[in-house]
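Assembly of the complex is requested from the two constituent chains, each provided in isolation within its own frame, with the hints serving as guidance.
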Amino acid sequence: MELKIGFVPSIISPSYEERTFDSLSLLVPKLTSEELKQVILHLKHQQRKLQARKTNDIIDILDQAIQLWLDSNYHYRKLAEELLPIVTGYDSEMIRVFLYSYLRSFRKEKLQRMVEVDFPNPLVLDDFRPRSSGGLTRAYGPELITHVFSGNVPALPLWSLVSGLLVKSSTLGKLSSSEPLFPSLFVETLREIDRDLAESIAIIWWKGGEEELERIAYSSSEAVIAYGSEKSINSIRKKVPPHVNLYAHGHKLSAGFIAKDCLQRVLVTETARRAAKDASQFDQQACLSPHVFFVEEKGNVTVREFASLLAQEMNNYEVKMPRARLSEQENQAIIQARSTFQFQAFQTNKIALLESEKSTSWTVVYDKKTTSFPISPLNRFVYVIPVMSIDDVPSYLHEVRGLLQTFGVACTPNNFRSIIEVLGQCGVSRVTFLGRMGEPEPGWHHDGRPHLADLVRWVDVEASVEIEMDAYDPNRM
Amino acid sequence: MHYEDIKQRILTFIENEKRDSFNALALQVFAYQYENNRIYRKFCRSRKVHPSMVQSYQQIPPVPVGAFKEADIACTPIDDAETYFQTSGTTSGKQGRNFHRDLEVWTASMKSHFEENIMKDNCRVKMAILFPHPKEMPHSSLSQYLYTAIRDYGSEESVYIANNGAYDFEKLVSFLVESERTSTPVLLLGATFSFIHFVEYMKDKNLQFQLPKGSRLMDTGGSKGRAIEMSSSQFKQMVAEALNLPLEDCVNMYGMTELSSQFYDQKGTGQQKAPHWVRTVVINPENGLCVQDGERGILVHYDLANFHSVLGVMTEDLGIAEKDAFFLLGRSEGAEAKGCSLAVEQFRHGVSKWN
Chain A
1 MELKIGFVPS IISPSYEERT FDSLSLLVPK LTSEELKQVI LHLKHQQRKL
51 QARKTNDIID ILDQAIQLWL DSNYHYRKLA EELLPIVTGY DSEMIRVFLY
101 SYLRSFRKEK LQRMVEVDFP NPLVLDDFRP RSSGGLTRAY GPELITHVFS
151 GNVPALPLWS LVSGLLVKSS TLGKLSSSEP LFPSLFVETL REIDRDLAES
201 IAIIWWKGGE EELERIAYSS SEAVIAYGSE KSINSIRKKV PPHVNLYAHG
251 HKLSAGFIAK DCLQRVLVTE TARRAAKDAS QFDQQACLSP HVFFVEEKGN
301 VTVREFASLL AQEMNNYEVK MPRARLSEQE NQAIIQARST FQFQAFQTNK
351 IALLESEKST SWTVVYDKKT TSFPISPLNR FVYVIPVMSI DDVPSYLHEV
401 RGLLQTFGVA CTPNNFRSII EVLGQCGVSR VTFLGRMGEP EPGWHHDGRP
451 HLADLVRWVD VEASVEIEMD AYDPNRM
Chain B
478 MHYEDIKQRI LTFIENEKRD SFNALALQVF AYQYENNRIY RKFCRSRKVH
528 PSMVQSYQQI PPVPVGAFKE ADIACTPIDD AETYFQTSGT TSGKQGRNFH
578 RDLEVWTASM KSHFEENIMK DNCRVKMAIL FPHPKEMPHS SLSQYLYTAI
628 RDYGSEESVY IANNGAYDFE KLVSFLVESE RTSTPVLLLG ATFSFIHFVE
678 YMKDKNLQFQ LPKGSRLMDT GGSKGRAIEM SSSQFKQMVA EALNLPLEDC
728 VNMYGMTELS SQFYDQKGTG QQKAPHWVRT VVINPENGLC VQDGERGILV
778 HYDLANFHSV LGVMTEDLGI AEKDAFFLLG RSEGAEAKGC SLAVEQFRHG
828 VSKWN
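As they're listed, the protein sequences go chains A and B.
Per the numbering used here, numbering through the first sequence is continuous, rising by one, with the last residue being 477.
Per the numbering used here, numbering through the second sequence is continuous, rising by one, with the last residue being 832.
Okay, chain B solo, but in the shape it has when bound (with noise of 0.2 Å):
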């Protein structure tokens, strides 16, 4: 199938879910890219997979994430790739990449899941960004998501709070401070050590916020190996608090650089919800087959928004599905600690080096 007959078929179906099926369309996408990613060709090879002898989507080879670190997985000629997102991976000191031909179902699968569960009526909101620009990190695939959020979805008055290598606090309180005074509900979205270093600056300072009505709360990436370790629910207790928001405003988004969806979870429960073109699957490490169902094992996510490179990725996450969700039970211990809250870390590190 031509690249833009099944973009076009992606684009459709992410779209509306009833113009196609999940597993002929996985099929599909599995048969472009076993024909146009050399690499992943020979990993199916090595798996003694053809797409001639598969026939649901779960028999698709997933690659492990740390497979990008080794090899360019890409459908397209690199070269020929608008852009690559980069994880942060600075414990390795390799990183891994994922190429796009172009961000055009990127895109749309950010916005359409985005809409869904960030935005539900609003059109536009007062937004504010934990997280440098694109300007900065142009090859963070979070720093993409936010920029596109704040792009499609923030109205005139949105900031961005880290500027040229350092957060802005004082600006925070200030946007803060300024939508008590008017009453108009803002968004706040970032990593989630960057709010925990802005509820640390809040004691400090000894601030107290009672955000207006219809505000929310987007956290993203977690804490886990850094010098403040929380819970998920800790983190939104923590943040609920402080700010003087309703506990089921504050969402958490799981993503990962590998793919071209998110994660969120609403309820505060832990179950991160996909998008209707993802299917999350839980195998056995110990023999690669699928768990029954409501067992724990790793996660493999099937993505079709991720056709520039491969739809399945093998995490090295533990967790157990359900229809159309997951629960995230932590990473594998002694795997190398993942993502977005690195890079902010990475970010601050570099920013009190400067100083």
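Chain A on its own, in the form it takes in the complex (with noise of 0.2 Å):
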């Protein structure tokens, strides 16, 4: 099967280039550095347009598309789910349950909290309003955010994409090579709901290090959103000129902690179930996917049986929805992590291996040793660490101070305050109830940071103006 993807405006007509996963072949628009710099003029032209819509009238928009997609007969839809497991390897029973719970967090309420959450009074987007300290304000958006999409999780794009389109930014898409499909896919639902607006996006590709096509993306753009690996963000870093905002989201490490008394025997199989839920979603691929648990130790069973509930829920998983198949590297590489692990567990009763059967599909590794924060070849492969308390627990994230993001807590009411405030202070960025890790909140402030008032910049009428301004009206008394 062959599809053109992308989304290029109707004034040039670039040639494509072909990338083949198995059986289909998507062709991808590769323009010259000419047609970019068209592209790009055409995008700021349709940006005026964009400016003068009402933030309301944009978030309807999404939420129409939004409301297609959640359609499960939606011909757009059904082509994803077709077609992403070929394209991303991820089962496709895993895809079509995240694809709906996924995008429900995109619906009209949750576009408005994310836009409230940053913005008190949403108008500021749309017109100047009064500040109650005096004077006007106005909130403008880029004029062009280049966002540089990843693909290790399918749909991930839409974060950025929908940021951009709330602040009224036109949009220069370069897609990942891994998984360049939604983005496009929903790009074309867009102009099937208003033609105008599809026409402020371009989504294209070019291979990461292009010089001449980066330069003019980058020093054309306001802004830069790129998602990637410490080396492609270094890359990208190197080429944004200092006076576009670069919002850098490199990889990331998450984890989890399990107090003690979510232990308890009628309740410790559901902790284990969620706990293997979040370390097996996206095979461990997302940035907010555990590589480790921090499991209390003296609850009702011992830490090491957890490990062991941990491995047949993990098994469980597994059955329902199988891991990708993996390249020679990623399977060599959890061959040779457990192998340590097991013959260090030959000579120790402070590690134990758990392993799947006669395939790499997934690793539970209980390891007592430990006294770093241990990173996991990922593709579903987690460790298990004992600890007293949550006060333990600083010591491991000491030196990935800079890369924590996500924590998936099991806590009760009575212990849960105690234990976001250490993770707080240890610079976790997002703590969510165990089992919920690949779901964040629409307004989360990913990385820490706000995603829509970070974009944008104000411009403040002071109050000056309203008052001195009287003095020289014509029609004054």
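Think of the hints as simulated: they come from the structure by calculation, not from any bench.
We put the beta carbon where it would ideally sit given N, CA and C, even for glycine.
Be careful, since some hints might not be right.
The calculated lysine to any residue pairs, modelled on SDA-like cross-linking and capped at a C-alpha distance of 25 Å, are [as the list claims (entries may be wrong)]: (1) K358/A x S533/B; (2) K358/A x Q621/B; (3) K358/A x K519/B; (4) K358/A x M530/B; (5) K525/B x D367/A; (6) K207/A x K519/B.
Residues from chain A shown here face chain B by an in silico Cβ test under 10 Å; the list is partial [claimed, not checked]: (7) L326; (8) F346; (9) N349; (10) L353; (11) S361; (12) S464.
In structure tokens:
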């Protein structure tokens, strides 16, 4: 099957490059520098029209698009469900379930909340509004944002795409090589609903590191939002001129904490099931996937027993939603990591290895020996570290402080406050209940920063204008 | 089976292939290792494999190389071992060790295959070794290998080029000049990277050599992860040109601390030939099963000479197997850089620090 994706304005007809995923071949638009310049000019022109629209109208259009996508019979949704498993290798059921819950977080109420979290008076995005301290103020989004999308989790680009539209910026999206499908299809939906809005968006592709195109794109934008590895972020950082704001989301580390009260006999299986879901969803490829669970000792079951329960639940998840097939390198990383712990386990009972039989599908390592944050080779490989209390956790987090993102916690009302206070202090930027790590709520501070407020520039009109101009009013008495 | 008995049986097989069958001997060695190697026995149990269940050597659980860093995988108490060889492993800081109760089988293995692939018809030849002497690196298997070569096959004029933590390229130049003058064929042996440095040195000094007919060069370790990276065929091209050697006289040796035998790429095609006491199988890392003939996967070597530790070693190398050889397709990325070249780099780093 062959499919043309990306999204380019009708003013150019670029050449397409083929990207193959098993039986599927996706054609992505590959622009020349000249074409890119034309597109940028066009996008900037369109942004003036976008700027004149009300944020609420944009929310309505996005909501309509989400409603369509929530309908399992909608043609693009069907296409995405069919093709995303081929493109990403992820289990189709896992994608289906995820899309449903993920898309719901972009409904009208959620989008409104996203705006209001950052702008107590959202009208400032449409017009100069009075400030309580006097004068007027208005927030302007960037004229053009270049988005460097990531492909580790399908549909993830929706976050930055929506953010840009909500602050009325034009969008130049650079597709990820590993998952170029979803953003393309979603923008097609926007075109079905509102042609004019879609004209302010272009979704194209170039190979990371392509000097000329990157230079043009970055230097013509007012902002660049980039997702990717430390290496690609660094390479982008070098090319973004100083006057352009770069919002970089590099790779992050996440983890979980399980309080001993959540290991009570009746609840412990549920706790393990939730942990297994977080560690298995998207084969642990997301920034918000846990590498390790810190588990409190002296509960009804031992931490070692909990590791076994977790292993069982990892296995259940695997039966329901099998992991993607891995490259030799990825498999190799798991095999070598397993052997490291296996041979340590032969010599000490402080370490135990629990693994899927005759496959690399899932691995649980119980490690009472380590004193540092263990980095998983991913693809459903998770560590369990016993701790006496939450107060033991900071010592493991210290050396990865700048890289921490989500903590999934299982706690009770009695201890939740002490837990979040410790984690907040350690540099964690998002705390969620266990089992919810993969689904951030709308309005979250991604990597600890406001989503929309960070993007805009403010224009203040001071009270003096209002007051002093009266002296020059030709109609004054 | 008793230690001496099994050792004799392996030595006999190395000497003459027809005196035994690889599979039968492999099963014997496996049973011996299962009985005497405590850690390996635990490993086999975790894989639910017992010698009584195994009919062919492919069923013997191979140990991933990384395991050598975590445990002493030996069939005899380590205090009784004559020596051990240690991996360089500078990236992780952890070093793997392969213990040898004695070096009798190791030496027989090295010599037999070396004679066949490097010495051909010669009995002794003038050698230059571009690697430290075992005095400086007592636990390097490559150092021991090269020492065995110079001791048992080197003529009296043979020399070590690396001395007291430094490469003496001037010494190598006069060695080569002398051999040109007297038309004595030479054999140059060393780490791939030391040759790369020497060719750079030659370029700097504007040197050119025309080595006498019959001269050869053997490199090992590769250049991956080093300042200058090149493929094995690029490397051969480069040294062949610099020293005016025929390409077929530049041989690459592939060896690992965790094994007790070596492989040689004679033809420069990337085909690494195994001795008859080693079998290579290729497995699919996803499920640990052997792949179809000709398919790529992770290389597993079954080396009878490695009877002091474990017979089967799972590498981090990707390749394709062929009858008595394999093609190396490279290392699994992300895996730690291995080997001899790294030791030399370390050595060189040391040098620049001292100076």
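Evaluation of the provided hints:
1. K358/A x S533/B: holds (19 Å)
2. K358/A x Q621/B: Not OK: K358/A and Q621/B at ~38 Å, beyond 25 Å, violated.
3. K358/A x K519/B: holds (17 Å)
4. K358/A x M530/B: Holds: K358/A and M530/B sit about 17 Å apart, inside 25 Å.
5. K525/B x D367/A: holds (23 Å)
6. K207/A x K519/B: violated (48 Å)
7. L326: Nearest chain B Cβ about 7 Å off; hint holds.
8. F346: holds (4 Å)
9. N349: Cβ of N349/A sits 13 Å from chain B, so the hint is violated.
10. L353: Hint on L353/A: holds, closest Cβ of chain B at ~8 Å, below 10 Å.
11. S361: holds (9 Å)
12. S464: Status violated, d = 61 Å.
Consistency with the previously given hints fails for numbers 2, 6, 9, 12, ordered from lowest to highest.
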